[in-house]
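Asks: Chains as they are written, first to last, in this note's numbering: chain Y, 1 to 442; chain G, 1001 to 1164; chain D, 2001 to 2160.
Beyond 10 Å from chain G on every Cβ pair, some chain D residues (computed):
id, residue
1, 2016
2, 2019
3, 2020
4, 2023
5, 2033
6, 2062
7, 2146
If you want the footprint, here are the derived chain D segments under chain G, 3+ residues with CB under 8 Å:
id, segment
8, 2135–2145
9, 2149–2157
List time: in silico DSS-like cross-link candidates among lysine-lysine, alpha-carbon distance up to 25 Å:
id, chain 1, residue 1, chain 2, residue 2
10, D, 2146, D, 2089
11, Y, 372, D, 2089
12, Y, 91, D, 2005
13, Y, 175, Y, 284
14, D, 2089, Y, 91
15, D, 2107, D, 2036
16, D, 2089, Y, 397
17, D, 2107, Y, 2
18, D, 2035, D, 2089
19, Y, 360, Y, 397
20, D, 2015, D, 2035
21, Y, 61, Y, 372
22, Y, 61, D, 2146
23, Y, 91, Y, 372
24, Y, 397, D, 2152
25, D, 2098, D, 2035
26, Y, 238, D, 2005
27, Y, 372, D, 2146
28, D, 2047, Y, 238
29, Y, 61, D, 2152
30, D, 2089, D, 2013
31, Y, 238, D, 2007
32, Y, 198, Y, 187
33, Y, 328, Y, 312
34, D, 2098, D, 2036
35, Y, 397, Y, 91
36, D, 2156, Y, 2
37, D, 2146, Y, 397
38, Y, 360, Y, 312
39, Y, 372, D, 2093
40, D, 2107, Y, 39
In short, the hints are calculated from the structure, not lab data.
We treat Cβ as the ideally placed atom computed from N, Cα and C, and that holds for glycine.
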Amino acid sequence: MKYRIQQEAREGTMLINMGPSHPAMHGTTRVMLELDGEKIINCELEMGYLHRGFEKICENKTFFNMLIYTDRMNYVSPLINNTGYVMTLEKMLGIEAPERAQYIRVILNEFSRVCDHLTALAAMCMECGAFTVFLYMMKAREYIWDLMEQTTGARMTTSFIRVGGVRSDFPSDWKKTTRIAIDETRKVLKDCHGLMSKNKIFLNRTRDVAIVTSELAINYGWTGPCLRSTGVNYDVRKAFPYLVYDQLEFEIPLGERGDNFDRYMVRMQEMEQSLRMVEQCMAKIPKPSSSSESVTKGLEPAEAIKASRTKKPEERIKLSPNLEGTEKEKYPGILSGKKCIVPPKEDTYTNIEGLISHFKLFMRGHGIRPPKGEAYFAVEGGSGELGFYIISDGTDKPYRLHLRAPCFHIVAALEEIVRGNYLADIIPTFGSMNMIGGELDR
Amino acid sequence: MKHKKDGKVGFITTTFNSMLGWGRKFSLYQYPFITACCGMEYMSAACAHYDLDRFGMGWTRFTPRQADMLLVVGTISHKEAPVLRTVYDQMTEPKWVVAFGACAVSGGIYDNYAVVQGIDRIIPVDVYIPGCPPRPETIINALIKLQEKIQKEGHEWRFQKKKS
Amino acid sequence: MAISKEKILEDLKQKFSDNILDMTAQFGDDIIHIKKEALQDIVNFLKEDPYAFTMLLDLTCVDYQGEEERFEMVYHLFSLSLNLRLRFKARLKQNDCKIVSLTPIFKNANWLEREVYDMFGVHFEGHPYLRRLFMYDGFEGHPLRKDYPLRKQQPKIDLR
Ligand code: SF4
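Chain Y extracted, bound-state conformation:
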């Protein structure tokens, strides 16, 4: 079958092909262009090069096992994806996470958003020729990932947010790491502002290029920073407050013209707001339910199992090195809900109830079973409203799961908005849209 652009091709024009393996098409998208000289008169996008069958796979996995796939959807901000998925389930199950867990979620979510924007802008700036900004922003991201790694044990694919709360508490010195991350990010943002925001070359390539009016943006279903750059004040965190966002003070930066530069600027300012939110959370977060000092003395798990054969061991159990200390004492602060949470390892190792509930969670046909029905829940993802639509038929597997990917709607508009611009404009335009392959193609 011929492509649309081939069918519509005019005489005397040139058809060229960008991608799917092109440095500016980060990820994998193919853009076909019809050019008159250097002017784009028609454009068609082909995607699906990263289609990994997310929705089909979900129908074949249990609700618990599916968590890891949500990490890999928007892989720049996996924690927001986790939150979105988990909170949809919580909506169906009627669970609410403890307050401390909510604060932990917000802190990690906001840091993820900073990472997302940093990566998007870094790629955009690099494609415009500012390699230094790319290196700076990657440096800032590295400091944030330090905190993530300390807390979650993984650098990006974390699977940290669980139904009912979070996997573990912050480590004891998290405030120090967070402080460093915030300060370093602020420094980088200041430098990048200096390098880019008034840069003549950058302004020439982005100011008044690919203007999107608010009507067009709404008609295309844009959300997130791209919608806000056109002046529409819509943010899921304000419109449908979830977690503790209604207790935090933050502003929603808006753009005026809806061009590439506004999309850049809104992201820049949003990062500052995110950092502000993290600072507020640091001050407000409730005390942990137990002293978070690690257990240095105690039984190893293997010994505890042996000891538990005769009677219940009294000493606290030392867990594996990346989960410091005991779990059971921390659980009330960070996890709630019965039947949906993994029982603390101490219980699993040493008493029969713990073992049974552990099995019950992981056995096929048991585990997390939301009531029959369907729910839609959305969180504010890195590039817009990230919605999960889950249909459950009462078993431990979803009957159908659909992800409302924000950048799907945004990238859909590219065909229209680059028309009439020059060939070189497609690069900052595509960069400012923050296309994430995993989310776009699913």
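Following the hints, put chains G and D with the ligand in place on chain Y, whose structure we already have.
Replies: Relative to the frame of chain Y, chains G and D with the ligand by itself:
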């Protein structure tokens, strides 16, 4: 250039060979074929914090014709497979391929209708890096392994197509 | 003053009494089951003031294999001024899986409908360019249908 005596390789050729290997292993031009999440970790590894340039493989060429090392970073779907084959064919000899991340190695967690179960079903691979995604330390370790391999390989002046 | 959700549902019921099959709510989301013929009218009606459901949040399909009306189209509409989401559902028969396209009203329906066509094989009447979005030409079957096996691959090039 080959200098043979009684079917054995002579002193001069072996020294020359190792010199060629030495030269080649420290001037690896890479072509990152980034498709998915592993690309984020690749970006970290290539940037200032971990800095692949310390090992003589910092130069990223964005055209396969100038590259020696193809890094396949991320999931390869069936739709992408012909593209990867073309990119590989476009590269000039000598060339090496690194499968980066569980998806490129074996399909990873995506065992379904859309994903190729390992890029070695499409192109020959020299080094496999496990991990989902691999940590930057793993990446550096793997690339040093590749350098060792290049050092030990028999080098020819003129490259014939690798038998596969 | 913005109108309330109850008022909108009431208005809908009055205006489209023949075409609305059922109205339910679950987990706080409102669900409206409609006949597939009335889809465009209802969406057009809601798009105008004072309702202003100007955004098509999401469009997807569910496959209920084994039932006579096998496919269920799910539309999420969103009103920025009322800050309200509504979900519409329309059932399609297996031997007649066609529904009218929303492309004249919402621009993002173009890709969303192509996705549903690709994944479920639902046809959209009036769609300007109905072509597979994720899979490639030559791919047989529709992967998200329940009868498509999870691991059935259709490689484009020869694999070793
Ligand atoms: S190996 Fe893991 S991180 Fe890498 S591309 Fe595959 S799913 Fe993503």
